[in-house]
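Q: One-letter residues, chain by chain:
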Amino acid sequence: MNTLAIVLVVGLTLFTIGLSIFSRRFTRTTADFYLAGRKVGSFANASAISGDYLSAASFLGVAGAIYASGLDGIWYAAGFAGGFMLVVLFIASPLRRFGEYTVADFAFGRFGSSRIRLITVIAVLLTSLFYMAPQMYGAGTTWQVLVGEGILGMNAYTSGVVVVAAIIAFYVSVGGMKGTTMNQIFQFWWLAFAMILVVIFAFGNGFDYPETLKAESQQPIVNTKAYSAGELVIPDDDGVTPYERAAEVMTGEEMVAVDQFIASGADGTIRVAYYATNKLHPERQALFSEPGHRYNGFDQFSMVLALVLGTAGLPHILNRYYTNPSGKAARRSTFWVLIFIGVFYIGSTIVGLAGLGIIREFLADGGTINADTVHGLLSKPDQLMPALGEILGGQWLMGIVSAGAFAAMFSTVGGLLIAAASALGHDVYEKYINKDASEAKRVAFGKTAVLAFAGVALLIGLSIPYFGLDQAYPALIAMMVTWAFSVGASAFVPMLLTGIWWKGTTEKGATAGMVVGLVGALTIIFLNILQQLGVIGHDGVLGFVGSLTYPVLFTFPLGLLTIVIVSKLDGQLPKNVDRIWMRIHGTASERYEKQYGLDKVGSMFSKAK
Amino acid sequence: MGDSKLHVVSTVTGDDTHVRHGDHVDTIQSVDIVFRAQRKLSFSYGAVFFAVTLSVPASSVWWTAWYSVEIWGGFTANYLFVGFFYFLFLWVMAWTYSQQADKLDERLLMMAEEITARAIDEGVQS
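Chains as they are written, first to last, in the numbering used here: chain A, 1 to 609; chain B, 1 to 126.
You may find that some hints are simply not true.
Claimed, not checked - 30 Å max Cα-Cα, derived DSBU-like pairs, lysine-lysine:
no., chain 1, residue 1, chain 2, residue 2
1, B, Lys40, A, Lys508
2, A, Lys503, B, Lys40
3, B, Lys103, A, Lys503
4, A, Lys225, A, Lys214
5, A, Lys380, A, Lys214
Said to hold, decoys possible - According to the in silico footprint, chain B covers these stretches of chain A (three or more CB under 8 Å from chain B):
no., stretch
6, 209-215
7, 258-266
8, 296-304
9, 344-353
10, 453-465
Stated by the list, open to error - Looking from chain B toward chain A, a few residues come up when the C-beta cut is under 8 Å (computed):
no., residue
11, Gln38
12, Lys40
13, Ser42
14, Gly46
15, Trp63
16, Val69
17, Phe85
18, Tyr97
19, Met110
These are computed hints drawn from the structure, not numbers from a lab.
C-beta atoms are modelled at their ideal positions from N, C-alpha and C, and glycine is treated no differently.
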């Protein structure tokens, strides 16, 4: 058990709860609870959006992906950052000018139908649940590494999921959007602090970027994989066994352990190292500085498009733009987000490369770390950040990094809970169930919705190992994040882009496009899961569809095309389409607010009337 | 749509040809003119963004010198661009776009003031 690290994580948790209790006094109305009173300035909102966006997948996963895959891992980071370009160019400012609470509000206001509002609510809930799943899984696995044992009779994984779900449910329901915003700002800067510290310590340890990159690119990337004794001697399609591939890489001493494992006839598996192959240019070696370790030619394109389009379809990110005081501030927020996450991801690229040499040399010198290793490599690349923290700065730095991992989960799940609660509380309860509800009742319903969704997140986290998904996917966190991006990109982005930029979009067109995109993405994702679990094979149409890793490449254009075709055939524009147009693209409201100082920021802590 | 009253305390009036917030007026004509300019700006930047972004995997697939020739230390052009210059490209794009979009907002402001002044002159203020 890492006592100092646990103390720092507990400290972060107590601070988070304290901040939420502090912000409670400033939350009285639904605008406060869901939108922080629309008083969040560009810099503060950019910090909160960055905290919201940088989940465990970014903090632990991106550096780990670069450590394991080199340039293809960096391409993953570039896709994450590039998504905000689409947001700033096409969505941020018009969405804020429309001046509502949620994406579903936009759909209703733009197209004037309850049907599209309710479909949007369903899509928001599904996207949020898909995104919560990897965060809760990350909570369980991080607890396993950090604490190593369970509490109250639960195992370590379950303890992590339960504790994190309980903390987030409490702080979001107490603090609402103001508390969540303050927490996300703090949590982002903690993440950035942890990342920068690891980078500084790496350079202090003698890391030389160009020279290390040159050294690590002299021979192919080495990966690790666990095999049973029987699997080690089964030849692959090239007639080479995993044992023979391991012998090319591992030392004689390391192979002795493998031989002993095979000779013992023991059950279970042993992890071995082997040279990776180049999926993009099979005739070349898979080098750290070249593409091809992770993605073939098709996936080089489809992965980045999935991440770029998916970012613009994440409801918990889009909702944050309503907290800005103006469309101009929304644009400026996105610019700062690009700066923040760009610097963060550049840091990840340095950490991913530096980790290779530092960990290998540390282990070669007889050092030990609290993580499984083979041939000087981490068995689980997602453990790179805490492992590097431990080597470079001892328990202190490991504690700061571990607290960063929890901060990443807290901030992202907090944003997702607010998005899900606002979809149910604001878009369903306030609009259809109890239209005359008092402010107190509305806020109370929002808090109940937060608690309910935290319960759902808890169940999802616990069900992942139950259904064997953690065994079916080698990089489950990254995979599940991709699913969330795919659902959001397929359901929302075609509707948002056409709703904002094409006056001819009709309600029937937008509804049809959303349904086609949503159902298409869900179908491909579930077929992919069934294929990984061995329920369906790889042959035939089902097998082909199930093998698509990034459904957005098909479902986004399909949704867009559906909107255009159905709108053209339908031709029934909303009666007040010109007025809606002036609301999306006009600025009279903002000019009025500016004249009377209503656009001022910095009063997030004023008590609501 | 009534939620707009949460942040606009003025009486919002208007019809399908104009919207008034206090003394500030948007007309469908002025908004349409600025919308077209805004659309041109956003889609031009969007085209550049997608062209540059998709040229990276295209070069990774087809341009050997891009991904295999070291140009500084162990850096290939591909690695250097994706690991650093791509982020710089995003920052410059976002900043210049925001500046130009702000100017368009100001253009709408000037147009609106002219329209309001003309309406006062003609004595047809509603």
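Q: Now tell me if each hint is right for this structure.
A: Hint by hint, here is what the structure shows:
Between B/Lys40 and A/Lys508 the alpha-carbon distance is near 27 Å, which keeps this suggested pair within the 30 Å criterion. For the suggested pair A/Lys503 and B/Lys40, the alpha carbons sit about 15 Å apart, so the restraint of at most 30 Å is met. About 23 Å separates the Cα atoms of B/Lys103 and A/Lys503, which keeps this hinted pair within 30 Å; it holds. For the proposed pair A/Lys225 and A/Lys214, the alpha carbon gap of about 26 Å is at most 30 Å, so the pair holds.
This hinted pair checks out: A/Lys380 and A/Lys214 have alpha carbons roughly 24 Å apart, not beyond 30 Å. Against chain B, the stretch 209-215 of chain A contributes 7 residues with a C-beta closer than 8 Å to a partner C-beta. That satisfies the three-residue criterion, and the hint holds. For the stretch 258-266 of chain A, the assignment as covered by chain B is violated, since 0 residues bring a beta-carbon within under 8 Å of that chain's beta-carbons and 3 are needed. Coverage of the stretch 296-304 of chain A by chain B holds. Counting CB-CB distances below 8 Å, 4 residues qualify, and the rule asks for three or more.
Taking a C-beta to C-beta cut-off of 8 Å, the stretch 344-353 of chain A contributes 3 residues in contact with chain B, enough for the three needed, and the coverage statement holds. Counting residues of the stretch 453-465 of chain A whose CB lies closer than 8 Å to any CB of chain B gives 0, which falls below the minimum of 3, so the coverage claim is violated. Because the beta carbon of B/Gln38 sits about 7 Å from the nearest beta carbon in chain A, less than 8 Å, this interface hint is met. Checking B/Lys40 against chain A: minimum C-beta separation of about 11 Å lies over 8 Å; hint violated.
The restraint placing B/Ser42 at the interface with chain A holds, with a minimum CB-CB distance near 5 Å, inside the 8 Å limit. Annotation: B/Gly46 was flagged as interfacial toward chain A, and the flag holds, the nearest CB pair being 5 Å apart, inside 8 Å. A hinted interface residue such as B/Trp63 counts as satisfied when its beta carbon comes closer than 8 Å to some beta carbon of chain A; here the least separation is about 11 Å, so the hint is violated. Proximity of B/Val69 to chain A is violated relative to the hint, the smallest CB-CB distance being about 10 Å (cut-off 8 Å).
Among the interface hints, the one on B/Phe85 is violated; its C-beta lies about 10 Å from the nearest C-beta in chain A, farther than the 8 Å criterion. Look at B/Tyr97: its Cβ gets to within about 6 Å of chain A, closer than 8 Å, so that hint holds up. Contact between B/Met110 and chain A, as hinted, is not supported at the beta carbon level, the nearest pair being about 11 Å apart and thus beyond 8 Å.
Checked against the numbered hints listed earlier, the structure breaks hints 7, 10, 12, 15, 16, 17 and 19; every other hint is satisfied.
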